[in-house]
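Let chain A serve as the given structure and place chains B and C on it in line with the hints.
Chains as they are written, first to last, in the UniProt record's numbering: chain A, 1 to 329; chain B, 1 to 575; chain C, 1 to 367.
Keep in mind that the hints were calculated from the coordinates and are not lab data.
Every residue gets a Cβ at the ideal spot worked out from N, C-alpha and C, and that includes glycine.
Keep in mind that a hint or two might mislead.
[Unchecked claim] Here are some chain C residues pointing at chain A (derived, C-beta under 8 Å):
| # | residue |
| --- | --- |
| 1 | Lys75 |
| 2 | Ile266 |
| 3 | Leu270 |
| 4 | Pro342 |
| 5 | Lys343 |
[Claimed, not checked] In silico DSS-like cross-links for lysine-lysine, where the CA-CA straight-line distance does not exceed 27 Å:
| # | chain 1 | residue 1 | chain 2 | residue 2 |
| --- | --- | --- | --- | --- |
| 6 | B | Lys423 | A | Lys163 |
| 7 | C | Lys343 | A | Lys163 |
| 8 | B | Lys473 | B | Lys518 |
| 9 | A | Lys163 | B | Lys121 |
| 10 | B | Lys311 | B | Lys423 |
| 11 | B | Lys149 | B | Lys167 |
| 12 | A | Lys163 | B | Lys540 |
| 13 | A | Lys233 | C | Lys353 |
| 14 | B | Lys167 | B | Lys121 |
| 15 | A | Lys233 | C | Lys343 |
| 16 | B | Lys199 | A | Lys98 |
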Amino acid sequence: MKYYGRRVAFYAITLWAAVSLNFFIPRMLPGDPAQILIGKLARNGDVTPAVEQNVKLILGGSDEPLWNQYWAYLNNIVHGDLGISVSKYPEPVWDLIKDALPWTLCLVGAATIIAFAIGIVGGAWIGWKRGSAWDHVIPFTALLQSVPYFWLAILLVYFLGMKLGLAPISWGWDVQTYDHPEWSWASIVDVFQHAVLPALTIVLSAVGGWLVGMRNMMVSTLAEDYIVTAEAKGLRPRRVLWVYAVRNAALPSFAGFAVALAFVVSGSLVMEQVFSYPGIGKLMITAVSNADYALMQGVFLLTTVAVLVVNFLMDLIYGYIDPRTRHHG
Amino acid sequence: MIRSTRRRSVVAAVALASSVSLLLAGCGGGSKATDASTSKAASTDKPTGVANSTRVLNVWAGSMTPIVANFNPFSPNVLHAAMGPIYEPLFAFNKAGSGDPTPLLGESYQFSDDGKQLTVKVKSGVKWSDGTPFTAKDVAYTYTYAFSKPSYIISAEATDDTTVVVKFDSPQFTNEFSLLGTTFIIPEHIWKDVKDPAKFTNTDPVGTGPYILKKGSVSSQAYTVVANPNYRDAPQGKPAVKTVRYVGLDGNQNAEDLVKQGKIDWTGMFVPDVDAVTSLGIGYINTPQDPTTIYTCSNADEGCTGAQTDKAVRQALNVAIDRKQINGKAFKGLGGTISPTFALLGRDDKWITNDDWKESPQSADAAAAAKILEGAGYTKGSDGFYAKDGKTVSLTLKSPAGWTDYNQAAELIASEAKAAGIKITASTISEQEYFDARGSGKYELLMGGVVGTSVADPFQIYKDWFAGFSTTKVGTPLKASTWNFSRYSNADVDAAVKAAASTNDEAKRKEQYAIIQKNIVDDLPYIPVIINATQTFFNKKDFAGWPTEDDLYQFPPSWGSVSSGVILANLVPLS
Amino acid sequence: MAEHETTGEDVREAHLVTAAATTVDAADVVVDGLPPDLPDAVGDGSLAAAVTGEPATAERPRSRRRDLMPSWSPKLVVGLVITTVIVLFAIIVPFFTLDPNSTDYDGLLKPGEQGHLLGTSAIGNDIWAQLAHGARGSLLIGVTVGVIALALSVVFGIFAGYLGGWADETLSLITNIMLVIPALPLTIVLAAYSSSRSMWLVAGVLGLTAWTGSAIVLRTQARSLRARDYVLAARVAGEKSGRVIAVEILPNLLPLVAAQFLFGVIFAILGEAGLSYLGLGPTDAVTWGTMLYQAQQGSALTLGAWWWFVPPGLLIALLGCGLSLVNFAIDEIINPKLRNVPKATRRVRKARKHEKHAAATTEEAGA
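Isolated chain A, as found in the complex (with noise of 0.2 Å):
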């Protein structure tokens, strides 16, 4: 009982440092809002009178203390409240996240899948078949790998988008037909479709770091002695591929793909820039590129608790399926 007290604990405490450096990094990124917004305005065009008093109104409120100010925001988050979104005033932050996160968590989140899926199978089949023609691939996925992100996604975009008109190049749904996407056939298609280029980014530069993983452990499991008794003891190849060696050796991989599938929820900063895309990534933008701090507050805040709370929940297991792990933490 010990461990798992000690274990929340370490939770709390790390939470509520992340939480509270949520709060002061965003207040140290330099600019005044309200010159940016109007700084904004103005390259539109002009800026009327009323609207430039409006801006102060809105901006100008924040003379508290900053202690205050921190207090304040911790017991909104207690209370759920996450504020009103400058950029986009008078939006609750959690409005626009709510809006914005079924969108990243199916694209991002199925793209995650996709590559984890990949890479779990292409690297057991590659270990599998390790010392043949199918070492080759994995220089390859080296490659993709180093392939600066929106470098691809630019080209992704320019040539199979562009120039081959296989996929639509912007947005999560088609907006000259649907005003919003619907529950017919053609719409989740319409939404498939516009899917398909920033999940290819997404996919092509995540699959290699989970095929090289996989492949090695693949190949590390299959000299285990429990392997060589299965086959020695006559089972099938395929049996023993399956049911020993890719199920333990795709484990270690199963805790890298819950972190990552945490950070899920930060959404993809470039690709829903490329492609404008509506998920969480875009609001992260906008909230940078306006010093808006509630929503910036908001999104990391997402972000923290997504990934603590799968670290939480992984600490458990391990501490459930292994005894040890309890006594020695």
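Frame of chain A, contents of chains B and C only:
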């Protein structure tokens, strides 16, 4: 009311569709289920592309995603369609030409001789989009509405249904555009019940413009406006384009691609390779409007530091840069020639008081720069850069990351200045750093725009950008509506600006302008570089009536406030 | 604003992912607080496989050092060749190019036109010159970040793991907080602090956010080593902690540390590209990141100027690939099975083929 029968038949289908869309909690649940506008959606007309068989006009006016419903014209986050297409001011001033303003809700206006009273005649028989009659009372209400009332207005009264008299505490000739051309008239019967105007998002806007918001059409990616059945010109079939969709996009590249694919019909944005777009049969017009300059924190008395506080350095830089090369490379030859008087060449020519000040030098003259610097006591060091009192002239020229033309211009200026013995480091910074530096005055050199005037007169620039009363000390942000980022302050200029403001007499104003121009051309607190291109791309295959070089009846880009409404009302779909 | 993936959270994911790739138990990488000697947690030795190499290390720590020298696998050769060529390119070529910042040439010249090997950018920079100087900038940043991240991960990983107790708790707490703090805004904040962003500042900022993944990996290993007999012996003999770490622990972790360093370099070069893409790259140097940024901002692809947009990205990918291949070779040192097993299998397969062949020939002969 032709539409009412059809509307009823659509209701059932709509109710179904929107209840379905409410179910979209999972993937693609981008719909604003909590938004008031959607919950009402079920009871009014909705589905896309069904309401009208005619082609929908797709517009990108610069909105980034996510789009959030906000049609309050006083809000900084107001969506473009509110300004012009839905709400209108009294008159539409043409930024692109020098003619008289086009009457919208107004009919005529008259300043008193002392400039302290303005009498406006408004149109009769106009209705708000909810059917309520529009009267001069709404105008008076708008001018005195606590939230939008400028401090110089003493009172505004409707003397009858079509006449408004506005009184000021001082001569307001120079605020003609602001009062008549940018003040969106709001309906008193709606706004009197608005509790907190700052938080009011006005998701069910009632205006007088050619369009009304299509209920339930606002998503994070787009929103749609449809023809206003109560529009005053509706009997003449206006607006002929019945449905206009505004989309949100996150970058010019994205927008350019969509324009090429024919998915966007109207936009205003910078495209370096115009031919690649126009060769696809897409209409294009370039109306250079806004001066691009190098802001210099010029005034050591106000706290500026750095070599640029020396006039000689600014003057040397002014002749050292190769404007032709900058236009050719950074602005793809699309920019216009700038006048150091900041009068827009072509439109404001009559205000340029000395022919020598017509154009800034177009090619680099390193020898002239050297002469200026040496005359001021600078000597060239072994590193090839000028120095004075042991201090090398070394300046940082910043521009906001992503403002490509500025970034490239800065690189070119740095390279050109080097040839003239002035060390300039071009650096990009985030937008917030940029706006912060500009506002607080903590910078040496910034690439920066000056907001071009919306009327054929450079006065607004002199007053807001050059007057000493429009600036503050370094470290203190500027006051509202003042833009003197250079911290420039010159008693002669200040006096001339004040004198010019109190008269409507052209000759008298010109006398004052001569004083202002003489000083700013010599002092160069903003080193003029170029007039920035303002490119507009439009679909000329499916729609007619766009502004052209020959008939520049309004400022063409889709983001233009007021002008976009006038243009939309003027468009005709081609079958 | 834009594309920050490379600077932000995703890089961390990459770290976590690569942790698995280095065959260090990914579970440990992620879940703090697992015991170092957890093998067989799942009951069938699968996790033991993850920490392979260790048992052998434990038994014959010193004699194993001979094996730390890489063997010449094709992966290593290709990786080293790519890396060396790029490094030499960065060191030598910039002496012979035009001024990369000069804008005296015509804009958008095609490769070969007017003597520009790779053409020019929109404002007339020579691309070949930029590429060479950019290689220098990117590599310098990469190595600097690698060193900073390495130093930090050694402190927060090895010291924490070895010392245990409160020191461990505190250091791990900091590591974990750094892990969950979104790196992108932190990077922006740090980068925004200085008015002119020198290359070194950018490197420092990236270094500060690049070490957490490595620290967690190293900590797990250090904790595992701490319980080994020879380390215990040194401690009992009264050796100071610093000396034990330097003499007993670090040498055994060398391959792992080297791998983490190379990951740090890849992270930094991609991260620098990401920061530059946001317009927050270095202002006093040309790097591949700043080149990509300018190319993208200048609509290079739409203008058809592939020679401006493609080379920097390709070189980043190639360098990353080269370093990764070297890393794979290091993996094979950490986990000899990766090297030996495929070899053995290949031998077996060959032998079987021979057998079959032999059997077939005997059969033929018999017939």
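Tested hints:
1. Lys75: Since the shortest Cβ distance to chain A is 7 Å, the answer is holds.
2. Ile266: With a closest approach of 6 Å, the isoleucine 266/C hint holds.
3. Leu270: holds, 6 Å
4. Pro342: holds, 4 Å
5. Lys343: With a minimum Cβ separation of about 7 Å from chain A (threshold 8 Å), the hint on lysine 343/C holds.
6. Lys423/B - Lys163/A: violated, 44 Å
7. Lys343/C - Lys163/A: violated, 45 Å
8. Lys473/B - Lys518/B: holds, 24 Å
9. Lys163/A - Lys121/B: Violated, at about 56 Å.
10. Lys311/B - Lys423/B: holds, 16 Å
11. Lys149/B - Lys167/B: holds, 12 Å
12. Lys163/A - Lys540/B: Answer holds: lysine 163/A to lysine 540/B is near 23 Å, not above 27 Å.
13. Lys233/A - Lys353/C: holds, 22 Å
14. Lys167/B - Lys121/B: This hinted pair holds, its Cα atoms lying about 15 Å apart.
15. Lys233/A - Lys343/C: holds, 23 Å
16. Lys199/B - Lys98/A: Given pair lysine 199/B, lysine 98/A holds - Cα atoms ~20 Å apart, limit 27 Å.
The earlier numbered hints that this structure contradicts are 6, 7, 9.
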